[in-house]
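Novice: Sequence:
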Amino acid sequence: MNATIGTTLKGRYQIIADLKRRAFGKTYRAIRLAPGEPRSSGVGDFWSGGSVGSVGSVGSNLPPLPTPPRPPVPPSPLECAVQIFQPPSSHPLIWESAKQRFEQELSIQTRLGEHPQIPSIIEGFQENQELCVVREYIPGQSLEPEMKQPWSPDRVITMLQEVLTILDFAHQCGVIHGNITPTNLIRRSWDSKIVLIDFARIKEIETIVLSPEGVAKTSAVGTPGYMPIEQLHGKPAYGSDIYALGITAIQALTGVSPRQLEREPKTGQVIWHHLAPVSEDLMAILDQMVCADISGRYQSAAAVLHDLAGLDKINRVLHGHYQIIDVLFLSPLGTTFLARDMQRADYPFYAIKEIQPSLVVEDASVNRLMAAFDEVAQVLSTLGNHPSIPHLVDDFAEGGCFYLVQEFIEGESALVPGARWDEAQARQFLVEALKLLDHLHQHHCYCLALDPSCLRRRHSDGNIVLADFSFVKTPAEALDAGVWLLPGYMPARAREGVLRPNSDIYALGMLVIQGLTGIHPGMLPRDNSSRLLWRAQTQVSDQLEAILDKMVLPYFRDRYQSAQEVLADISRPGRPGDGGSVGSVGRVGSVGSNLPPSPPPLPTPPPLPPLPTPPRLRVPPSPRLRVPASVRKTSFIVLGVVCLAVAGMAALAGMQKWQRFHAADKYIEEANSFLDERLGSSALGKCDWAISIASDYAEAWKCHGDALYILERYKAALVSYQKAVALEPKNPKYWNNQGETLYQMGDYAAAIAAHDRALAADKRNSAARKGRGLALIGLNRYSDAVAEFDQAIALDPSDPKSWENKGLALEYLSNPTSAREAYQEAIAVYDGKLAAQPKSPTMWVERGRVLSKLQRSSEALASYDKALEINPQFYLAWNAKGSTLYSMGEFDAAVAAYDQALEINPEFYTAWHNRGAVLNAGLGRYEEAISSYEKVLEINPSFYHAWRDKGAALAAMSRYKDAIEAFDKALKIEPNDHKSWVSRGLALTELARDEEALASFDKAITIYPLDAFAWMRRGVVLEYLQRNEDALASYDKAVEIQPKFQPAIEARSRLRSRLSR
1 MNATIGTTLK GRYQIIADLK RRAFGKTYRA IRLAPGEPRS SGVGDFWSGG
51 SVGSVGSVGS NLPPLPTPPR PPVPPSPLEC AVQIFQPPSS HPLIWESAKQ
101 RFEQELSIQT RLGEHPQIPS IIEGFQENQE LCVVREYIPG QSLEPEMKQP
151 WSPDRVITML QEVLTILDFA HQCGVIHGNI TPTNLIRRSW DSKIVLIDFA
201 RIKEIETIVL SPEGVAKTSA VGTPGYMPIE QLHGKPAYGS DIYALGITAI
251 QALTGVSPRQ LEREPKTGQV IWHHLAPVSE DLMAILDQMV CADISGRYQS
301 AAAVLHDLAG LDKINRVLHG HYQIIDVLFL SPLGTTFLAR DMQRADYPFY
351 AIKEIQPSLV VEDASVNRLM AAFDEVAQVL STLGNHPSIP HLVDDFAEGG
401 CFYLVQEFIE GESALVPGAR WDEAQARQFL VEALKLLDHL HQHHCYCLAL
451 DPSCLRRRHS DGNIVLADFS FVKTPAEALD AGVWLLPGYM PARAREGVLR
501 PNSDIYALGM LVIQGLTGIH PGMLPRDNSS RLLWRAQTQV SDQLEAILDK
551 MVLPYFRDRY QSAQEVLADI SRPGRPGDGG SVGSVGRVGS VGSNLPPSPP
601 PLPTPPPLPP LPTPPRLRVP PSPRLRVPAS VRKTSFIVLG VVCLAVAGMA
651 ALAGMQKWQR FHAADKYIEE ANSFLDERLG SSALGKCDWA ISIASDYAEA
701 WKCHGDALYI LERYKAALVS YQKAVALEPK NPKYWNNQGE TLYQMGDYAA
751 AIAAHDRALA ADKRNSAARK GRGLALIGLN RYSDAVAEFD QAIALDPSDP
801 KSWENKGLAL EYLSNPTSAR EAYQEAIAVY DGKLAAQPKS PTMWVERGRV
851 LSKLQRSSEA LASYDKALEI NPQFYLAWNA KGSTLYSMGE FDAAVAAYDQ
901 ALEINPEFYT AWHNRGAVLN AGLGRYEEAI SSYEKVLEIN PSFYHAWRDK
951 GAALAAMSRY KDAIEAFDKA LKIEPNDHKS WVSRGLALTE LARDEEALAS
1001 FDKAITIYPL DAFAWMRRGV VLEYLQRNED ALASYDKAVE IQPKFQPAIE
1051 ARSRLRSRLS R
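The letter at position 602 of the sequence shown is residue 602 when you use the UniProt record's numbering, and the numbering goes up by one with no holes.
Treat the hints as calculated values from the structure; they're not laboratory data.
The reader is advised that the hints may include incorrect statements.
[Unchecked claim] In the BS3-like style, the derived pairs of lysine-lysine whose C-alpha atoms are separated by at most 27 Å in a straight line are:
(1) K969 - K935
(2) K26 - K99
(3) K666 - K733
(4) K730 - K666
(5) K935 - K193
(6) K26 - K10
[Claimed, not checked] Distance windows between CB atoms, simulated:
(7) A828 - R155: 22 to 30 Å
(8) S257 - S857: 43 to 51 Å
(9) N385 - V719: 40 to 48 Å
(10) K1044 - D688: 47 to 55 Å
(11) K1044 - E375: 25 to 33 Å
(12) E934 - P224: 52 to 60 Å
(13) L923 - E375: 41 to 49 Å
Each residue gets a CB set at the ideal place from its N, CA and C atoms; glycine is no exception.
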């Protein structure tokens, strides 16, 4: 089989593009075919503010539709990458060896895919004489093009730290990558993070040969220039990856490819110092990374991270008297240093945690940051009263960072990598750790980032202590913490950014299982229900097995809810190996169950070598100071303590319920991918499946409502949201969904009532305040709306939408100066966010939208261009650019921009609709406009706006009967669309069907009585019917609504003059 464009593998994976061809394996981009489902493409969102207004809406005072912004998201799950490997011979021994290696490596890479920056594996299969791996498709480009120009040292250090963190996870799992090169480092387009692809061992399938003795052997796989000598000899080690990454870093600094770099003839050491001016410390780190002799090279990624963290920090004095002398801990949450207090006579040691402000509160003012940091310090001070928690002795801010100074505890990790506990050791550790967690729970705090380095055994008394606290967040902000958890120690939902209070129970269970098996949790297999299969790797009693199984159940409702529950089950009687049930703990499965048998024991990966301490980073100790030996036993992911208010947990659901919810989640995730691209019809089908599986699952009904909302089927959406509320009446999110839908339906009082229910559940819910504000605009209570937006801003000043909506309300109050100031505040917030996230195309586009409201069109276009510079395929930027060009009267350029958006995503019906509006109202090219509207209706037949605007184009061509037919189709879909009733009335007027026209205008003003244009046109028809007094009253009403509405003023004056004759 020779895979080419259009080929379908296994009947479900259609090849659509060739990604790369190399010496080993071929990689293609593909889509997963799903019968009846349209192919989705592109990434992003659209917003009502960026679309072109439609014809027939003159005089409308409706506020813009509220569309909550969504963050950039990955591409549709339909997209994937397919790697194809072909053994060099069909000889049975070679083929059998190839299949065994394929299955082994597929299993390993599947588990590695838990890391968010390693592609997840979808499946592997054999087709004809080829072996195929289907993995997650990573949109973006490799670092190779970026390295055509030399990088700055800071940029190289950032790249090293990111890739080393991924490598550290892989190495802890016992896996060597074997082919680190710029082409295998992909900068993911939607978040700019680096993803590590193409692990080398699976490629060895294509090198298998038979020795003279008939034994299958493989050859080294790698890229010349990036492979150290030991890898060339077929003996790769963890240090081989360090070498390849070091060469990559030197390439980035110098712009010179590895094969062009000179080397010392005798030692083989790379000669590069003259090519890039860098500090001596960074130079020394890179030299040690690329040392030709493996014994002189860093042996682990953690060791390199340790030294990088110390750059420019060692010997630095903080707060005037804390001298940094080493790095203790590293984590995404911050760096912890060992320091000595130079003001104290005995120069005591302290652990100082450095925290970036964004990790306390994102995008906040200085005052709010300081208040949040004070809250962090207060909580840590309270917790530090426990003898097994470090005592907080000082806190301060300096140089744009926050610092916590804590008691330094000498000790070592309670879990040594590669070591194995017996049951007695595991029980002792578990009981001590649970008591410590219970203390935190009692203070409404939860440890949501446990890993082996967090719990350490103190040298002085042998007790377990929490070695380091990173920082504290408020309950509302805790849900953002999922990205900080280490893969392998977090449940699946936490990886998606949804943290639960018992996530720490899961992590602790994983730590104990690792201690018993000696295997990193990320490398342990799971069954089809995602349950961990670990018992075959160790010997423990049935009681302990059942307790640990329940601690690490994937679904949070089935897991233990507190440390006290676990302690209660451990304390119940039960002899090791007695096979009896213990307390409330149930064995996973039962006698005669259909669970698959446990797999054979996995080989224990080789332990990582101890961290070296390069002499250049040592600080000669004071004569009065002895640095403890344990200081050098460092770890690299730390404990984050997140304050999480406990509102009460639902009772433990049965496994059957978990299975239903878990199965429904898969469809909900697929639906959300469609929703992110505004593919409502596709999403709706997935939501229907989720509901058919779990009709008692609130999130499935919310998903259903979201799909209907995007399709603008608001009545049906409201029913779905009401069902979600009935299942979870205290969830403010669902009440806000109801409020937003009621707003769209024009029932503003009911919308306010729904948002009030959200506030009753969470009085600090800023989304509810925003929703109330929009509904108050609908009720013409503009001053009250401004007050609501002010409250939303007070709760979350970093939300630009609140500022923007406030500006809208101020415009209605005829206060353009204040409105402009609010829009400028929104711009300032966007600028602050972009300073922290300059690679976010979505924020650049949203910023451009607000600039357009300020009539700063050139700046808006520049903002859209910035988004396109980041991602030329970001079709939403082209769409927004077209809207701004339309407002500037640049109609041909606007059409060209919409065409660009549609070239990228031809299914983006909003761009087709906007294109039609420009062709219709701007250029008068009515036939082309109608073709665009028809394209909209092919994609989304229920999009009534397209029927309405097609009718307007037909009317402009004097095809009034056809226009009325189009308006009727719009009204069949949405009977309460007052604009369609107005447009229908206009067409009927042209056909002299005045009574029918009057009925249409009456219907329009019944739905929306504040439309001055409808009142004015109603007066015209009444004049034709010779009902002059009624006509005058209608004109008066139009002028009352809009005092400067000239057409109504002139019509009234003309009629009065005629009647006075």
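Novice: Each hint should be assessed against the structure and marked as holding or not.
Specialist: Results for each hint:
| no. | hint | in the structure |
| --- | --- | --- |
| 1 | K969 - K935 | 16 Å, holds |
| 2 | K26 - K99 | 17 Å, holds |
| 3 | K666 - K733 | 21 Å, holds |
| 4 | K730 - K666 | 25 Å, holds |
| 5 | K935 - K193 | 37 Å, violated |
| 6 | K26 - K10 | 17 Å, holds |
| 7 | A828 - R155: 22 to 30 Å | 27 Å, holds |
| 8 | S257 - S857: 43 to 51 Å | 45 Å, holds |
| 9 | N385 - V719: 40 to 48 Å | 52 Å, violated |
| 10 | K1044 - D688: 47 to 55 Å | 50 Å, holds |
| 11 | K1044 - E375: 25 to 33 Å | 52 Å, violated |
| 12 | E934 - P224: 52 to 60 Å | 56 Å, holds |
| 13 | L923 - E375: 41 to 49 Å | 58 Å, violated |
Hint check: violations occur at hints 5, 9, 11, 13; the rest are consistent with the structure.
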